Structure formats: C-alpha cells, structure tokens
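> Given next are the chains, with one letter for each unit.
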Amino acid sequence: MKSLRNHLSLVVALLSILFSLQTFIIVDRSINAYKDNLSNNYSLVVVSQKILNANFIINQHKLIKNIVLLSPDKVIKKLNHGISKKNIDLLKLSLPKFYKLILLQYPSPDEVNNLTKSLLRDTSVIKVETFSKSHDTTYKLLLLFKTVISVFAFSVGIVTILLISKELKIWQFKHTERMSIMGLFGAPTWLSSAVLFRLAFVDALIASVFAFVIFSYVASSVWVEEQLENIGITVVVFDPIMDFGIMLGLALLLSTLLATLIVISHKEEV
Amino acid sequence: MDKVIVADNLSLSYSKDETIINKVSFSIDSGSFVFITGASGSGKSTLLKSLYGALKPQEGSLVVAGVELKGVTKSKLNLLRKHTGIVFQDYKLVKEWTIEKNIMLPLIISGYDKTVQQNQVDTLLKHVRLKHQAGKYPQELSGGEQQRVAMARALSHNPVLILADEPTGNLDDYSSQLIWNLLEGANTDLKSTVIVVTHHIPESMGVDYKHFHIEYGSIHEVA
Chain A
1 MKSLRNHLSL
11 VVALLSILFS
21 LQTFIIVDRS
31 INAYKDNLSN
41 NYSLVVVSQK
51 ILNANFIINQ
61 HKLIKNIVLL
71 SPDKVIKKLN
81 HGISKKNIDL
91 LKLSLPKFYK
101 LILLQYPSPD
111 EVNNLTKSLL
121 RDTSVIKVET
131 FSKSHDTTYK
141 LLLLFKTVIS
151 VFAFSVGIVT
161 ILLISKELKI
171 WQFKHTERMS
181 IMGLFGAPTW
191 LSSAVLFRLA
201 FVDALIASVF
211 AFVIFSYVAS
221 SVWVEEQLEN
231 IGITVVVFDP
241 IMDFGIMLGL
251 ALLLSTLLAT
261 LIVISHKEEV
Chain B
1 MDKVIVADNL
11 SLSYSKDETI
21 INKVSFSIDS
31 GSFVFITGAS
41 GSGKSTLLKS
51 LYGALKPQEG
61 SLVVAGVELK
71 GVTKSKLNLL
81 RKHTGIVFQD
91 YKLVKEWTIE
101 KNIMLPLIIS
111 GYDKTVQQNQ
121 VDTLLKHVRL
131 KHQAGKYPQE
141 LSGGEQQRVA
151 MARALSHNPV
161 LILADEPTGN
171 LDDYSSQLIW
181 NLLEGANTDL
191 KSTVIVVTHH
201 IPESMGVDYK
211 HFHIEYGSIH
221 EVA
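Residue numbers (the numbering used here), protein chains in the order written: chain A, 1 to 270; chain B, 1 to 223.
Only chain B is shown next, with the shape it has when bound in the complex (with noise of 0.2 Å):
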C-alpha cells in the first residue's frame, strides 16, 4: 500500500534548548484513519502542525504525499495545503466572512467555477445541518456548529489527506457524532486519509484504525 507519510528520524522543536519530538520514525498508509493520542503538551498538536508545514522538521526528514518538508518551497507546500483539509481546534474560521464562504474557501483557492463553488457548499451545508445559517458570521454560531463548518470547510474540496487536531474537544455529544460521522465518511467514501488528533477515541467507530500514542517525545503505534 501507497505511504502518505513516511517520518525518518524526525525531531521538531519550537526553539532550539527543547525537543518537543525526539527522532521518531513512523509510516502511515494511504487511506487510512489514524488517530493519535497523548497527554497534554505531549506534542501531538506539534506532530499535526509539522504535517501540514506549519512547523519544519528541526532535524530527520517528513514526508507528507510525495512532498518533503525539510526545506520545502512555498510553492510546493501551497500545493500540498490544497489537496489537505484541515480541522482546528480553535476553528480559524474568517469573521468577516458567511458560513457559506468559509466552506468556500479551499475551493476558491484551487480555482473552481463558481457553479462547482456552489453545489459543493449547498451539498455541505446540508450534511452538517446548517443549511439555514449559510448566511450568518462564525461568531453568530455556537462553538458546536463553528466546529461544523470547519469540519465542511476541510471536506469541500474532497482533500486527499485530512487532519483534525481535537475536532471534538468540547463538543456537544450531537456536533461530537456529526463529526465523527462526518470524518469517517471521508475515509469509506473519499478514500481520504484521516488523521486525528484526540484526547479520546470514541467506543463506536464505524471504520478501522490505527492508534498510535505520543510520550516523552517519541510515538508508538498501539496494538
């Protein structure tokens, strides 16, 4: 099977004096779901970040869907962004902007007509069930439903790889379930590979996955 990502030897730190991730090497398969897992300030987020280039690797190599991260141009990792969806746990959602333009956002940015533009984002909005807020700002929303159309922003352009750092993190159990339906969908339907970044797997999943679990700088994949 096709390896999304392949880490060798790979150390991120925010400063030089401390190594958040100390020299880890791990493979993820292409189209798998992937949860990882840790103690707070255990560098899971760290780990996320450095898959979509916002953090480069202080030392080892990274590479995410052919591309290298160490010492990646802007061009190539603006590539690498528009073929991943991202969900934060602080949403980043645009203020200035509607619902319906957040959801637009990646698609605006790869280039679709606005017909497709459309489409896409009517066809989202009903699956996170927020149809009838397409007209409102973010902060109008509860942090629920703010979450919701993150998780339809990261699906619109039906992204290859789709990272979640703590999508549920206080959630309600409703959003929480949407959510998690939501990115498993991805995974069975989109053949996207989905990484999660949680605190807590939930009991019921619908697809299979792997765990892997962040201590003391290094990862290991749990059995």
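The shape of chain A in the complex, shown without the other chains (with noise of 0.2 Å):
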C-alpha cells in the first residue's frame, strides 16, 4: 500500500500528460485524414481560351496532382436539338476549354489564393472558380478544431506540470534524508540518487504502459470505429510501436527531469 502511494502522484501526473498528448496525436491524424479526404473531393476550376501545357503547370505549381481538360459534350448535348453538326464543331472549337485540377491536398485559402493568382499570370486562363465560399468555411472549422484540441492539450499539459513541480518538492522531502545519510558514509551521488532514478523510470514505465492499455482499448472500440466511418475516415488511433514509444520517451524525459532536478537541488546537511 505505502509502495502504490508512492508510485501512484507522479503516475497519475505522467498519465494525464500522456493522455493529453495522445488525444492531441488523434485529432491531428483524424484532421489530416480528414483534409485527405476532402482534398479527394475538391478541384478548382480553369478556364482557358487555349489548350493549356498539362505537364508544364504541374511542374510550375507543386500543389497540384493532375489536370484534367473536361469535355464540353454533356454542354453541348443539351443545346443539341437543331444544330447541325458543322455548327455543333465549330461551337467546340469557339469555345473556352475547361480544366479540373486535383490538388495533393487539401489547401489553406491563402494557397488558393496564390495558385489562382499564379494561374491568371497566364494570359490565356479567363477565370478560375475555387469554390472559395464552401471552401473557406470547411477548412475554418477544422482550423478552428485543432486550435481547440491544442488548447485544451496544452492546459492540461501546463497543469500537469504544475502537478509535477508540486510532486518534485515532496520528492524531495522524502529523498534528501536518505541522500544525505548516503552520502555521510561516503557514498558518491550515483549511488545515493540511484533509488531515485529507479523510482522515475519505474512511473514511467508504470504510466506509459497504462496509456498503452487506455489507448490500446480505444483504438479496438467499435463505438471509435462507427464514428471514424461516420466521417468518411481512416486513422491509426493508436500505433502500439511508434505511440507507444512516444509516450515512454516523453514520460522517461519528464521523470528523469524531475528526479534530476532533485539530484542537482540537493544540498548535504551541515
């Protein structure tokens, strides 16, 4: 029991930052995810008087994937009735060729922006529609999600902080006695903090496999799951390799700090 009350301040501590960092690593998976998907389903729009050099504009603009001259038939299709068809070619030829560009990602206004500007550089490009009003909008809402996230990790992170600062000073209350004692019989400071270390590597340890539980559990929820789908996604929740190594790095740095800290604080009785 004595031995839990010891471990559990700075687990309880490690785990809430881990947690917060985890959530934070979901959102932005999900987010990026997310914009892929979007990115799938938005184009602009180029309007040319000339047919325009394909390879030429994707090699001048890296944010774009493809480009595609639309046909103008389903147009024509309809102003068919009574049109011969020497006039139905020469309507072809008068007009305007249409282009749909599919972008690598889905982009900030700022990067519409600068494509539509560089695009009209070329005399030829009439217009170029962004859908700008739906586009703006989406992409402020995710903005404006991640912002939220990161606040909320943040907070938590600055909390638990505090939370661990206020652990550094029972530490070291409870270790300098012993470090102290140590060092009266002569034992070098590797030795007298190595009880220390030990305790930080072993919450961390404790707190990282804890998150890995949690977020192994969730990643595996049905419940996780139908929501993903729900939104048209697929994201890792949880990478039991990379994540996890992550939370342990992150946990190992947090406990070391503190338990070094101590080590350097520690001042011998006169």
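Bear in mind the hints are in silico, worked out from the structure with no lab data behind them. Don't take each hint at face value.
Claimed, not checked - Listed below are the simulated SDA-like cross-link pairs for lysine to any residue, each with C-alpha atoms no more than 20 Å apart in a straight line: (1) B:Lys3 to B:Val207; (2) A:Lys127 to A:Ser43; (3) A:Lys97 to A:Gly82; (4) B:Lys101 to A:Arg198; (5) B:Lys74 to A:Ile264; (6) B:Lys82 to A:Ala194; (7) B:Lys82 to A:Thr189; (8) B:Lys74 to A:Ser180; (9) A:Lys166 to A:Leu257; (10) B:Lys210 to B:His199; (11) B:Lys101 to A:Lys117; (12) A:Lys65 to A:Val45; (13) B:Lys74 to B:Lys95; (14) B:Lys95 to A:His175; (15) A:Lys267 to B:Lys76; (16) B:Lys95 to A:Ser180; (17) A:Lys267 to B:Val207; (18) B:Lys76 to B:Lys101.
As the list claims (entries may be wrong) - Residues of chain A clear of chain B, computed beta-carbon distances all greater than 10 Å: (19) Ile31; (20) Lys140; (21) Ile170; (22) Met182; (23) Tyr217.
Predicted model, so just to flag it, every value in this text is computed and none were measured. Just so you know, even glycine gets a beta-carbon here, dropped at the ideal spot from N, CA and C.
Make one complex out of these two single chains by using the hints.
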C-alpha cells in the first residue's frame, strides 16, 4: 500500500500528460485524414482560351496533383436540338477549354489565393473557379477544431507540469534525508540518487503501460470505429510501436528531469 | 605512533560573523580512545562535524587519516567517509529501509558482496541484541534500539575511525552500557580510533582514554 502510494502521484501526473499528448495526436491524425478526404473531393476549375500544357502547369505548381481537360460534350448535348453537326463542331472550337485541377492536399485559403493568382498570370486563363465560400468555411471549421484541441492539450500540459513541480517538492522532502545519510557514509552521488532514478524509471514505465492499455482499448472500440466511419475517414488511433515509443520517451524524459532537478538541488546537511 | 587526526590553527564557523572553534591545534594518535567534552554550545559537535568533512575549516589545516579537509574534493571525502563510522545523536537511520538494510549501508557503499553483507549484519545484530528486529523499520523501534542500530551500522565496515556524537544521550542504562561496550570492543579488537563527544564520561571505562575539553572556542587536554 505504502509502495503504491509512493508511485501513484507521479504516475497520475504522467498519465494525464500522456493522455493529452495522445489525444492531440489522434485529433491531428483525424484532421489530416479528413483533409485528405476533402482534397479528393475538392478541385478547382480553370477556364482557358487555349489548350494548356498539363505537364508545365504541374511542374510549376507543387500543390497540383493532376490536370484533367473537361469534355464540353455534356453541355453541347443540351443544345443539340436543331443544330447541324458542322455548327456543333464550330461551337466546340469556339468554346473555351475547361480544366479540373486535382490537388495533392486540402489547401488553405492562402494557398488557394496564391494558386489562383499564379494561374491567372497566364494570359490565356480567363477564370479560375475556387468554390471559395464552401472551401473557406470547411477549412476554418477544421482549423477551429484543431486550435481548440491544441489549447486543451496545452492547458492539460501546464496543469500537469504544475502537478509535477508540486511532486518535485514532495520527492525532495522524501529523498533528501536518505541521500544525505548515504552521503555521510561516503556514497557517491550516482549511488545515493540511484533509488530516485529507479523510481522515476519505474513510474514512467507504469504510466506508459497504463496509457498503452487505455489507448489500445480505445483503438479497438467499435464505437470509435463507427464514429470515424461516419465522417468517412480511416485513422490509426493508436500505433502500438510508434505511439508507445513516443509516450514512453516523454514519460522517461519528464520523470528523469524531475529526478535530476532533485539531485542538482540537493545540498549536504551540515 | 601515527597520528590519525592533526589540527593546526584550526578555526571553524557556520558564518563569517561568529567563530565557534578558534585557532586550535591538537593531534590524536591512531588507535586511541578519545572523549571530547564541553558545555552545550561549546562547539563539540561542530568539531566532530569537521572531522567527517560536513563542515570545512575556515582557517588553518585539518588532516584526518591523511586527508587534508581544507578544500578537499568530493571523491577524496567519500573515500575518507568509507573508512569512517559515524554515530549521530539523532541516529540518522533511513526510515524507508529495514534495520538490516540500514546496517548494511556502509557495506553496500563499499561494494562488498551480498554474502559478506549478510554475514556481517547477522553478527552485528547479535551484538546489539536486535536479531529479532531485523525486518522492522526504524520508527518501529525505541530510541535505545535505534541508537544500537546506528552503532551497528557504524561498525559494519570495520572502520579505521569511529566518530560518535553523544551516542548515549537520553538512552536507558541497558542501551548505554551496550553502546559503551561496543565502542570499547571496536577500539580494542578492531584497533579503530574512537572519538566520542559527550557530556559525561562513564565511570567504568575498560580502556585507556584521552580527554579533551572545549571551552570558549579553544580545546585543551585534561590530564
């Protein structure tokens, strides 16, 4: 019981910081997946008087994945009644060329503006349709969501750091006496602080394993799967190797930092 | 005879304004038993602290077991302390360790193997009559028992120098006698130099001893 109490306070503090980190990672991944999804459905339409060199345009603009010439046949079909084939051919020649630009990623409003300006520099381009109203709204919504989650994660991080610094004082009180006594019998610093570092390592490991279990459960949850399916995205909620590595690394870094601060601030009793 | 402690014009203080020990010179022979007495606040404990390097000389020189403590490095000080056994008035036992592990501490620090550690602890627990308390924690013992544990810890690594700060203050007769017997034994059997700071020298000492008295910041030998 006493041993559990020794570990619990730091483990809880570390768990909350790992929880906020992983939540941020999941949200970031979801937003990126959603943006990818949107970019597949989002495209710009360019109207040009002349045929555009597709390769040249793709090479000029990093954001463009592909450029597709839209056939005017569908429009002409509607006007087909009572027009001779010769006139239809003439109409086809006189119509401007319509291109669909497929993008590599869902662009920001600035990227859309820059791309439009750049395309309009070509004198043969008459118009670039960006569907900006619907694009801007979606993008701003995503941005707002990400900002809210970032602020939340940051706040949890700050609260946790405050918790850890409080823990630092408790640890200082608990470990200073033992370290002083060991020092009086000639123990080098590494030996007198070994217990502290071992405790820090064990706590980091416990917190990471707890977080691993929680997020493995979340990742395998049917409810979470359904929610992601509902918004049409596939996301790795928890990567058992990479995410666990990041969590363990952060937990070790924080707990070792805590132990190091105690060792540095330790003064021999006189 | 070799000198284990040589103080020359030694001054000690906790702050620049107040000097506790003022330019004293004395020496202590290796293997001797020494009492340091003096009134409360005279500087007995301060002098003892300086002998294990917890307080550095303000002026003069202090050499303990060949180590000059003025400006001593941490590694040299650790080496000196590994060969010193200290008994504190407030015991200074590690609360979260068992009695057994507390006694083992100097052996762990010196890197003895586990079998040696265990054998030595078993022997010492018998000497201090605490074999049955081995697995207990310090706070579960009485003051006298805790001081006996501290005594066993100070002797566990057969130190060349034993420093004891009022080791029998507030102890019952049984524990006091046990501690004096152990200190005498360490002096005669292990040939350790024993320096005891105390208010009262016990009437029946089984060994020859020297007596230093501290008064008004200076030290003199009592014949």
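> Check the hint pairing B:Lys74 with B:Lys95 against an upper bound of 20 Å on the C-alpha distance.
violated (25 Å)
> Straight-line Cα separation of A:Lys65 and A:Val45 no greater than 20 Å?
Judged against 20 Å, a Cα distance of about 14 Å means the pair holds.
> Would you say A:Met182 is clear of chain B, with no C-beta pair closer than or equal to 10 Å?
At roughly 7 Å from the nearest Cβ of chain B, A:Met182 sits no farther out than 10 Å, so the non-interface label is violated.
> Do the alpha carbons of A:Lys267 and B:Lys76 lie within 20 Å of each other, as the hint requires?
holds (18 Å)
> Please work out if A:Lys267 and B:Val207 have their alpha carbons no farther apart than 20 Å.
violated (39 Å)
> Between B:Lys101 and A:Lys117, does the CA-CA distance stay at or below 20 Å?
Between B:Lys101 and A:Lys117 the Cα gap is close to 77 Å, so the pair fails against 20 Å, i.e. violated.
> Under the criterion that the straight-line Cα-Cα distance not exceed 20 Å, is the pair B:Lys3, B:Val207 satisfied?
holds (19 Å)
> Against the 20 Å threshold, does the CA-CA distance of B:Lys101 and A:Arg198 hold or violate the hint?
Judged against 20 Å, a Cα distance of about 18 Å means the pair holds.
> Any Cβ of chain B at or closer than 10 Å to A:Lys140, or is the non-interface label fine?
Since the minimum Cβ distance to chain B is about 56 Å, A:Lys140 lies beyond 10 Å and the statement holds.
> A:Tyr217: least C-beta distance to chain B exceeds 10 Å?
holds (35 Å)
> Does A:His175 lie within 20 Å of B:Lys95 when you go C-alpha to C-alpha?
Holds, because 10 Å separates the two Cα atoms, which is no more than 20 Å.
> Is the hinted pair A:Lys127 and A:Ser43 satisfied, with a Cα-Cα distance of at most 20 Å?
holds (14 Å)
When each numbered hint is compared with the structure, violations occur for hints 3, 11, 13, 17, 18 and 22.
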